[in-house]
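Participant: Following the hints, complete the assembly by docking chain G onto the known chain D.
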Amino acid sequence: MILFRWHAVASWTWDAQDETCGICRMAFDGCCPDCKLPGDDCPLIWGACNHAFHLHCILKWVNSQTPQAHCPMCRREWQFKG
Amino acid sequence: MEESTSLVCNLGILEKLNDNSIQEIIKSYGGFCTTTESLLNGAGDLSVGPEFVLHVHSLCKHGLQSLVCDHFLLSLEQAFEKIGVTNFWRHFDSYSKVGVLQKNNSSIYDDEVQLVLCKALEEMALEKQYQEKCLFMLVHALQLHKESMFEGKQNADSERAHLFAKYQLMVSSVLMASLPLHFPDILHRYFKGKLEELSRIMDGDLEGKNEFQDKDSMDLDEKGKHRTGEMDIDESYNHGKFSEKNKLVKHIGKVVRDLRSLGFTSMTENAYASAIFSLLKAKVHNLAGEDYRNSVLESIKGWIKVVPLQFLNALLAYLGDSIGYDTPSSGLKSPLASHLSSCSSEIDTPSEGLIRWQLRLEYFAYETLQDLRIAKLFEIIVDYPESSPAIEDLKQCLEYTGQHSKLVESFISALKYRLLTAGASTNDILHQYVSTIKALRTIDPTGVFLEAVGEPIRDYLRGRKDTIKCIVTMLTDGTGGNPNGSANTGDSLLEELNRDEENQEIAGIDDDFNSDDKQAWINAACWEPDPVEADPLKGSRNRRKVDILGMIVSIIGSKDQLVNEYRVMLAEKLLNKSDYDIDSEIRTLELLKIHFGESSMQKCEIMLNDLIDSKRTNTNIKLTAAKQSQTGAELGEDAVSLDILDATIISSNFWPPMQIWHLWHVLEAQGASRHHSMWFPEFQDEALIVPEPVDKLFSDYAKRFNEIKTPRKLLWKKNLGTVKLELQFDDRTTLYTVAPLHAAIIMQFQEQKSWTSKNLAAAVGVPEDVLNRRINFWISKGILSESVGTDSNDHIYTLVEGMVDSSKNGGNSGSCEELLVGDDEGESTVASVEDQIRNEMTVYEKFILGMLTNFGSMALDRIHNTLKMFCVADPPYDKSLQQLQSFLSGLVSEEKLELRDGMYFLKK
Chain D
1 MILFRWHAVA SWTWDAQDET CGICRMAFDG CCPDCKLPGD DCPLIWGACN HAFHLHCILK
61 WVNSQTPQAH CPMCRREWQF KG
Chain G
1001 MEESTSLVCN LGILEKLNDN SIQEIIKSYG GFCTTTESLL NGAGDLSVGP EFVLHVHSLC
1061 KHGLQSLVCD HFLLSLEQAF EKIGVTNFWR HFDSYSKVGV LQKNNSSIYD DEVQLVLCKA
1121 LEEMALEKQY QEKCLFMLVH ALQLHKESMF EGKQNADSER AHLFAKYQLM VSSVLMASLP
1181 LHFPDILHRY FKGKLEELSR IMDGDLEGKN EFQDKDSMDL DEKGKHRTGE MDIDESYNHG
1241 KFSEKNKLVK HIGKVVRDLR SLGFTSMTEN AYASAIFSLL KAKVHNLAGE DYRNSVLESI
1301 KGWIKVVPLQ FLNALLAYLG DSIGYDTPSS GLKSPLASHL SSCSSEIDTP SEGLIRWQLR
1361 LEYFAYETLQ DLRIAKLFEI IVDYPESSPA IEDLKQCLEY TGQHSKLVES FISALKYRLL
1421 TAGASTNDIL HQYVSTIKAL RTIDPTGVFL EAVGEPIRDY LRGRKDTIKC IVTMLTDGTG
1481 GNPNGSANTG DSLLEELNRD EENQEIAGID DDFNSDDKQA WINAACWEPD PVEADPLKGS
1541 RNRRKVDILG MIVSIIGSKD QLVNEYRVML AEKLLNKSDY DIDSEIRTLE LLKIHFGESS
1601 MQKCEIMLND LIDSKRTNTN IKLTAAKQSQ TGAELGEDAV SLDILDATII SSNFWPPMQI
1661 WHLWHVLEAQ GASRHHSMWF PEFQDEALIV PEPVDKLFSD YAKRFNEIKT PRKLLWKKNL
1721 GTVKLELQFD DRTTLYTVAP LHAAIIMQFQ EQKSWTSKNL AAAVGVPEDV LNRRINFWIS
1781 KGILSESVGT DSNDHIYTLV EGMVDSSKNG GNSGSCEELL VGDDEGESTV ASVEDQIRNE
1841 MTVYEKFILG MLTNFGSMAL DRIHNTLKMF CVADPPYDKS LQQLQSFLSG LVSEEKLELR
1901 DGMYFLKK
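Residue numbers (the numbering used here), protein chains in the order written: chain D, 1 to 82; chain G, 1001 to 1908.
Just to be clear, a hint being listed does not mean it is correct.
Not the full set, but computed from the structure, chain G residues with beta-carbon under 7 Å of chain D [stated by the list, open to error]: (1) Ala1647; (2) Ile1650; (3) Ser1652; (4) Asn1653; (5) Arg1712; (6) Lys1717; (7) Leu1720.
FYI, nobody ran anything at the bench for these hints, they're computed from the structure.
Cβ coordinates follow ideal geometry from the N, Cα and C atoms, glycine included.
Only chain D is shown next, with the shape it has when bound in the complex:
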């Protein structure tokens, strides 16, 4: 027996601890309210505190919180995880 081609199906998921974004309450595997396409177009970002959010969501949050932004979940100072 020879296998010619196996066309499989898989789904991707963000390797995050949580299911939904703490800001927009949308699923991580979905996208933030401003985006249309999930995945590369609407990535996740982790903070130093290990909380993940949609990139667009947290950017909005950070920009609105001047001068110093805090993580919406744990109120620690927000820093992007290197």
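Facilitator: The following block gives chain G in isolation, referenced to the frame of chain D:
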């Protein structure tokens, strides 16, 4: 007063009478009576004339003029009754059963009838002529007397007219009184026969002309040489025809005149009118028939002008002034006359009567054709695009007759009888629905009647389960909708609609944005009110544009349902693709976006995008793999390279639900009974265990994906997808395209030729009953064989080595066996909408059962309302009445509930 004076006068005369004069009166009265007798009964013997005149004269002298007239008319009447009438009717006695015999050998009878009628009429005319002569003699005698009395002509003409009118009245009343029942029928047949003859002559005439024209155009170059000769022949030929026709018309005219003189005016008219109508009807039926591909209206109109109108024209002209209303009215042209300014070259000044006739005939023709077409409307619509000429005809007819309601009624009953039955497939019904919409749109652009006709179809389709699926297929399938790429060149309905839409849109834009005042005025001027039948509840503005898609969507109820169904179908289609070719899907999606809006197609767009991304990621992964194998060839010994694995990576949140097996395992852990699987389509239960080398490929692929798209990882849906594999035996190789489960099963046989079903099920990780069902695929292909093992519940599957019964597949090497995964035993990779709803509905089962325990019995809408009231949170009840009904009927079939008289009970 006058009466009394004449009475006095007469009495005066009586006094003056003496014996002599009495004697004279008696004598001349006796003479008058005998001469009258001999005059009237003697066959044409006028020899007693002078004597008669003498007696009349002497009687008149004594003022007995009225007695003379009365007696003469009385005896005239008696004589007419005795000789004329009986003789006249005797001619027709033998045809008293004509009505019965009409059907068979009518032509022989027709000829006979014609002859007899002519003969009888001729005899009658002779008789009448003779009697009129006698009457004239009396008039003459009276006149002589008057002249001698008053020395001058005094209203003699009026006297004569009075007498003749009396006579005429007498004749017709006597005839009418003794009229046999079948005489009108005979007249009808006579005219029918004559008209048919005439129409034959005319048809021949037409053909002759056409022939001549053909010949004329054909040898145009030889025209110069033969022209004159041909013309001569043709003219004489035409002349012959013409005279023949004239003779015929004259003959008919004579008969008509004779009949009229006998007082049969209205009966005659009825007879030839009905003959013309029946001829016209036959002609219409003959021309229209079963052929819907040609327009027949014009040729019918032409025929009316050529045959019956010509006939009537000639007839009216022949009868001349005898009838009042059809005198040539060149002076007083009625408004109707404008209709036929150029009616026919041979009719110079169409009389009013003729115009009336033409309008009558045309109306009749329209009505006949309309009835004919309406009766066959169903067939016409079945082959709609080809039958559009018939539709056009019908449209014109209806414009003329205005009997739209007839069409609606008859078509609806035809639909109910022929289309909306259990035997018709949903696809056929839908196609007919679309054709109906298109056809009726041409007949009636306002769409009022379409609404009436469409309603029953829509209602019926709502009751069918596969309606949505068929609609979606019809809308989206078409060019390349088939993943196998079979030559299906037909455009999808959607594309067609789109084209229509564009055309309409252009018109619509013109309609809406005309800033030009003049144009606005023109638009306002040609505003037309909605037809009377229009439903005033629906605005006329949106009725303007008959929206086929809208009408189709209205069958389903909402576009959301349609979009949802499309999503499920799209998912299935995409998951079964092994090349990432989605051009046609993209195209369809774009079209759908135009109609349903971008936001409602969002999820579908993501699905397509996933495929595009998958393709890119797939090539990326392959590239990295190739690089690695070049540098360090680590997985050399395993023989299965990453090249053979392609993957479709989906954003599972945006695809219709398909993996409920997690849920299934939870349930199983809780000890849920097996039959629950009816809510969980079994395919989704399978946590497939793929063979070791493939599994290694999977994890390798996933690792690489993880490397490329870091914090993302892959979750395999191992039971989805397609596998192409080749089975090699000693004598043959066969190519298969199968589902992963089938591949997993057959790969287990590589190391071990024989498996018990229990072990095999454990090896591939599916429940035993699922395995037993799925393995049938290989058994039916003759690859595996089944035998009962030691335990009667345990089957043993063995690989068939030497192919004995391979003839089934055409046997030899290289034969390619393709199996569409979706086709296999009706399994579906994606939970259908119905299943989804059922899954969602199970939550409410407890509520419903509880309700019914409390209330005993409940009607459907009460259950619906109660659920709405109480299930407001987690998950809120948002199902439609229909969905609830189908769920409840599921419960009934499970024997949990009982349905009696529209009330649901708990089954005890």
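Participant: Holds or violated: is the Cβ of serine 1652 of chain G closer than 7 Å to a Cβ in chain D?
Facilitator: Hint holds; serine 1652 of chain G Cβ to chain D Cβ min 4 Å, cut 7 Å.
Participant: Tell me if the interface restraint on arginine 1712 of chain G is satisfied: Cβ within less than 7 Å of some Cβ in chain D.
Facilitator: With Cβ-Cβ at 5 Å, under 7 Å, it holds.
Participant: Let me know if the C-beta of alanine 1647 of chain G comes in closer than 7 Å to any C-beta of chain D, holds or violated.
Facilitator: holds, 5 Å
Participant: Should the hint that lysine 1717 of chain G touches chain D count as held when the rule is a Cβ pair under 7 Å?
Facilitator: Hint on lysine 1717 of chain G: holds, closest Cβ of chain D at ~5 Å, below 7 Å.
Participant: Verify the interface restraint on isoleucine 1650 of chain G: the C-beta must sit less than 7 Å from at least one C-beta of chain D.
Facilitator: holds, 5 Å
Participant: Closer than 7 Å between Cβ atoms is the bar; does asparagine 1653 of chain G clear it against chain D? Give me holds or violated.
Facilitator: holds, 5 Å
Participant: Regarding the hint that leucine 1720 of chain G lies at the interface with chain D, is the smallest CB-CB distance below 7 Å?
Facilitator: This hint holds: leucine 1720 of chain G lies near chain D, its Cβ roughly 4 Å from the closest one there, short of 7 Å.
No hint from the list above goes unmet by this structure.
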